[in-house]
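Kindly produce the complete structure, drawing on both the sequences and the hints.
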Amino acid sequence: MAAIVVIYHSGYGHTKKQAEAVAEGAKADLVAIDANGDITEADWAKLDAAKAIIMGSPTYMGSVSWQFKKFADASSKAWFVQKWKNKIFAGFTNSATMNGDKFSTIQYLITLAMQHSGVWVGTGLMPANAKAAKHGDVNYVGGFSGALMTSPSDSSPDEVNKGDLETAKLLGVRVAEFAAKA
Numbered sequence: 034m035a036a037i038v039v040i041y042h043s044g045y046g047h048t049k050k051q052a053e054a055v056a057e058g059a060k061a062d063l064v065a066i067d068a069n070g071d072i073t074e075a076d077w078a079k080l081d082a083a084k085a086i087i088m089g090s091p092t093y094m095g096s097v098s099w100q101f102k103k104f105a106d107a108s109s110k111a112w113f114v115q116k117w118k119n120k121i122f123a124g125f126t127n128s129a130t131m132n133g134d135k136f137s138t139i140q141y142l143i144t145l146a147m148q149h150s151g152v153w154v155g156t157g158l159m160p161a162n163a164k165a166a167k168h169g170d171v172n173y174v175g176g177f178s179g180a181l182m183t184s185p186s187d188s189s190p191d192e193v194n195k196g197d198l199e200t201a202k203l204l205g206v207r208v209a210e211f212a213a214k215a
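Numbering-wise, the sequence shown is residues 34 to 215 according to the numbering used here.
Be aware that a few hints might be false.
Unchecked claim - For lysine-lysine, the following DSS-like pairs were computed, each having C-alpha atoms within a straight-line distance of at most 27 Å: (1) LYS110 / LYS79; (2) LYS60 / LYS214; (3) LYS116 / LYS103; (4) LYS60 / LYS102; (5) LYS214 / LYS202; (6) LYS102 / LYS202; (7) LYS60 / LYS202.
What the hints assert, rightly or not - So the derived label-pair ranges between C-beta atoms look like this: (8) THR130 / ALA163: 18 to 28 Å; (9) ALA213 / SER189: 31 to 41 Å; (10) LYS214 / MET131: 27 to 37 Å.
Calculated directly from the structure, the hints in this document are not laboratory data.
Beta carbons are placed, not taken as given, at the ideal position from N, Cα and C, and that holds for glycine.
Written out as structure tokens, the structure reads:
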């Protein structure tokens with residue numbers, strides 16, 4: 034299977050759970066952006082060698098965390114020489130409320146991928162939008178562009194919704210399928 038890297042920042046542990054689910058589905062390496070917004074040189078090398086990069090960040094104030102933004106800005110070195118051109122990209126985010134402006138974060142991740150001349154893969158999942166739908170259903174939050182997750186502000190990472198984690202895992206599976214064909 035193709036080399037896939039999940040790069041993410043998690044402020045409180047919820048997005049880490051989401052990243053782990055994506056990585057499980059994609060059979061990918063996990064790279065965590067630390068509290069200072071940094072990754073190691075070995076992590077940069079993994080990203081450079083990857084066939085697919087799946088990016089994730091919590092949604093803070095309508096966008097990615099500052100730690101993720103620091104990583105994105107540092108990726109301009111790869112952008113300048115188009116090192117990540119034609120890689121497959123996908124993304125995920127988490128916020129405390131049902132909407133929480135998660136779309137803005139996913140749109141930011143798409144823009145970053147497009148700047149790197151990448152190819153974006155969405156979830157490929159229909160939303161759970163019938164009256165009988167429950168928050169534990171796959172794609173209950175209704176993301177097409179990326180995997181979306183809702184974690185109430187007073188919940189622990191151990192209380193992350195199982196349907197949202199399954200949605201994340203299925204995004205990983207889909208990216209792996211595309212990477213295997215590329």
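Against the structure, the hints:
no.: 1; hint: LYS110 / LYS79; in the structure: holds, 15 Å
no.: 2; hint: LYS60 / LYS214; in the structure: holds, 15 Å
no.: 3; hint: LYS116 / LYS103; in the structure: holds, 18 Å
no.: 4; hint: LYS60 / LYS102; in the structure: holds, 25 Å
no.: 5; hint: LYS214 / LYS202; in the structure: holds, 19 Å
no.: 6; hint: LYS102 / LYS202; in the structure: holds, 24 Å
no.: 7; hint: LYS60 / LYS202; in the structure: holds, 10 Å
no.: 8; hint: THR130 / ALA163: 18 to 28 Å; in the structure: holds, 22 Å
no.: 9; hint: ALA213 / SER189: 31 to 41 Å; in the structure: holds, 36 Å
no.: 10; hint: LYS214 / MET131: 27 to 37 Å; in the structure: holds, 34 Å
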